[in-house]
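Student: For what it's worth, our numbering labels the leading residue of the sequence shown as 176, then goes sequentially.
The hints are simulated quantities; they were obtained by calculation from the structure and are not laboratory data.
Even glycine gets a Cβ: it sits at the ideal position worked out from N, Cα and C.
Check each hint, because a few of them may be wrong.
[Claimed, not checked] Computed beta-carbon distance windows for the label pairs:
#, residue 1, residue 2, range
1, Arg296, Pro351, 35 to 45 angstroms
2, Arg286, Met231, 15 to 25 angstroms
3, Ala299, Ala348, 14 to 24 angstroms
4, Arg203, Trp229, 15 to 25 angstroms
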Amino acid sequence: MSRRLPPGGVPDARHGGGSVRIIGGRWRGTRLQVPDAPGLRPTSDRVRETLFNWLMPALPGATVLDLFAGSGALGLEAVSRGAARAVLVERDPALAAMLRQHAARLDAGDRIEVANEDALRWLARAPAAKADIAFVDPPFAAGLWEAAMPALLPHLAADAWLYVESPAGTAPAPPPGWRLHRELATAQARAALYRGPGARGADTLGPANPAP
Numbered sequence: 176m177s178r179r180l181p182p183g184g185v186p187d188a189r190h191g192g193g194s195v196r197i198i199g200g201r202w203r204g205t206r207l208q209v210p211d212a213p214g215l216r217p218t219s220d221r222v223r224e225t226l227f228n229w230l231m232p233a234l235p236g237a238t239v240l241d242l243f244a245g246s247g248a249l250g251l252e253a254v255s256r257g258a259a260r261a262v263l264v265e266r267d268p269a270l271a272a273m274l275r276q277h278a279a280r281l282d283a284g285d286r287i288e289v290a291n292e293d294a295l296r297w298l299a300r301a302p303a304a305k306a307d308i309a310f311v312d313p314p315f316a317a318g319l320w321e322a323a324m325p326a327l328l329p330h331l332a333a334d335a336w337l338y339v340e341s342p343a344g345t346a347p348a349p350p351p352g353w354r355l356h357r358e359l360a361t362a363q364a365r366a367a368l369y370r371g372p373g374a375r376g377a378d379t380l381g382p383a384n385p386a387p
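Please work from the sequences and hints to get the whole structure.
Tutor: Below, the structure is given as structure tokens:
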């Protein structure tokens, strides 16, 4: 088992890593194997359940970008719950290969694209696609939020949703004009959902329901 797997990850000695579970939608209950990889820290079941409750109205037909995909738990969960398409960007070759295997197993190859590339390089070269929802959950030790936020903007719709996960007690600055919609604190991480400046009448709140 990788000690980097949090409570949402389950060890699996057969694969030298662990597994994560899709918790809602068409693939609900499906367990996905996750290789042992440095810095890998899948978002816990608890935080994903809260996040996707927040996003529920926005998911049907959405285009999703999972920028530091890792286990793929966020991007695959989004498609399971109704997103039309997800691009999963992951630089680790073993993790990217596993994500492609997951897409094939789920018979979702036409809805899930896996880019085996460094996220910042991908943002610099990929055509702007105007995603409706983006997940930014990089390895915490790498400190990539500041570089990723401005590079991400050309790839987001004006009224897009932006999810940012960071260490507990930290709050990376969102892009200018983006407003906090919901926030959740756990002992390990801060989970925040922002709305783009193009949203009309968006529900914007301060910290909501912090959790121990």
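Student: Each hint should be assessed against the structure and marked as holding or not.
Tutor: Hints and how they fare:
no.	hint	result
1	Arg296 to Pro351: 35 to 45 angstroms	violated (24 angstroms)
2	Arg286 to Met231: 15 to 25 angstroms	holds (19 angstroms)
3	Ala299 to Ala348: 14 to 24 angstroms	holds (20 angstroms)
4	Arg203 to Trp229: 15 to 25 angstroms	holds (18 angstroms)
Comparing the model with each earlier hint shows a violation of hint 1 alone; every other hint is respected.
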